[in-house]
Amino acid sequence: MPLIIDNIPEAIRSTKRVLRDALPDYAKVFREVEGAIARQVEAIRRERERGEEAIPVFDYASIASGDVDPRVVARIKERGACVVRRVFDPQQASEWNDEIAQYVASNHLDDRLAHRAEDKYFGTLASSKPQIYGVYWSKPQTLARQSEQLTNTRVFLNRLWRAESEGKRHFDPDRVPVYADRIRRRPPGSESLGLSPHVDGGSVERWLDPNYRKVYRHVLSGNWRAYDAYDAAFRPDAEEIPSPAVCSMFRTFQGWTALTAQGPGDGTLQLVPIANAMPYVLLRALQDDVPDDELCGAQPSRALSIKREWHALLLEAVTPIPHMQPGDAVFWHCDVVHSVEDAHRGSGYSNVMYIASAPWCAKNEAYLKRQLPSFMRGESPPDFPSDHFETDFIGRATESDLTPLGRAQLGFDL
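Quick note on numbering: the sequence shown equals residues 0 to 413 in numbering that gives the first Met the number 0.
None of these hints come from the bench; they were simulated from the model.
It should be emphasised that the depicted structure is a prediction, and the values quoted were computed from it without experimental measurement.
Treat the hints with care, as some may be off.
[Unchecked claim] No farther apart than 27 Å at their CA atoms in a straight line, the calculated lysine-lysine pairs in the BS3-like style are these: (1) 306 - 76; (2) 306 - 27; (3) 27 - 138; (4) 76 - 362; (5) 167 - 362; (6) 167 - 213; (7) 368 - 138.
Please model the entire structure based on the sequences and the hints provided.
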């Protein structure tokens, strides 16, 4: 169900009064959380100085064989992110990159971009959008989503969460619905086309939606040490303010798969690898130096901006992802702060397919029923600007390209 709020400033004022009344020592609790986050930021800084990877890296082969090192699992849960090497063979990923390039060129997508629907989701971020194309149904994207490799990887990631708590089973980690997303094709030399630090999956809703507040119930009651970023309780019940560019699915991890080599300096992803940073963000907005009708710059129907004026501590931990090769994939927890470098100073294209990890739950099943007609007609999915570029594209994936697993993941059997 969508979250409808007629007067956002008044809703913020009244909600902050309620939250402060329920947690009268909110300043003291925030200082405790701030200290805990500062220790994590310092640990990340020391790792970077030593030339170590602050973002865990491991091989897909260990997922396939079911023997991922428990120490790696612990680091993924702490850092809220990971790079999985060789999910796909590099040659396969490079061939997909060439096929997407041909798909885009032969269907004259660049000629249509001047008429694309306006996407205001990142409108309040300091940087604009990177070169993200409204392409969802190319054959490489479809093949990658339904592949055994990415399916196994997403099941692994879903299982890092507590799917059962509070006396309820929140989702099935072993069933992986498809959330069709876009591609990025970023040429070398492009500048000022990044994304400022932000979090997806809700902005003001995290404070204003009762179910979202339950996700952070331990934090808002002052028992912040009991907060578990991987407890799925109430997350599939959270409601979003309607917007053409806000995710309607519950994603355990966002992610993308590299189609080209890329790394620091290539206009690509940066993370704040702290899985439990959201308590800091939530409590920061309750402090007395924040205007009563504001939430540290959070705006409805937008990404949740992480701003230097309010969240400088978190920004000290901004970390570029490691160098990626075609076929590698990176994933980050749905509450992890991330950004995209403004400038691409590398020598080649920085291209990816956005493919996230989502589990089977009622919220996601409902979205599949809305998304499936988009696949059949080649339209933009419901969560995205209604460009509908691919309706007449030659070479678009169709039902005949789906495996039985692909059909199930898209919801054909519902």
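Here is how each hint holds up against the structure:
1. 306 - 76: holds (25 Å)
2. 306 - 27: Distance ~22 Å between residue 306 and residue 27 Cα, so the pair holds.
3. 27 - 138: violated (53 Å)
4. 76 - 362: holds (24 Å)
5. 167 - 362: holds (15 Å)
6. 167 - 213: holds (14 Å)
7. 368 - 138: Judged against 27 Å, a Cα distance of about 21 Å means the pair holds.
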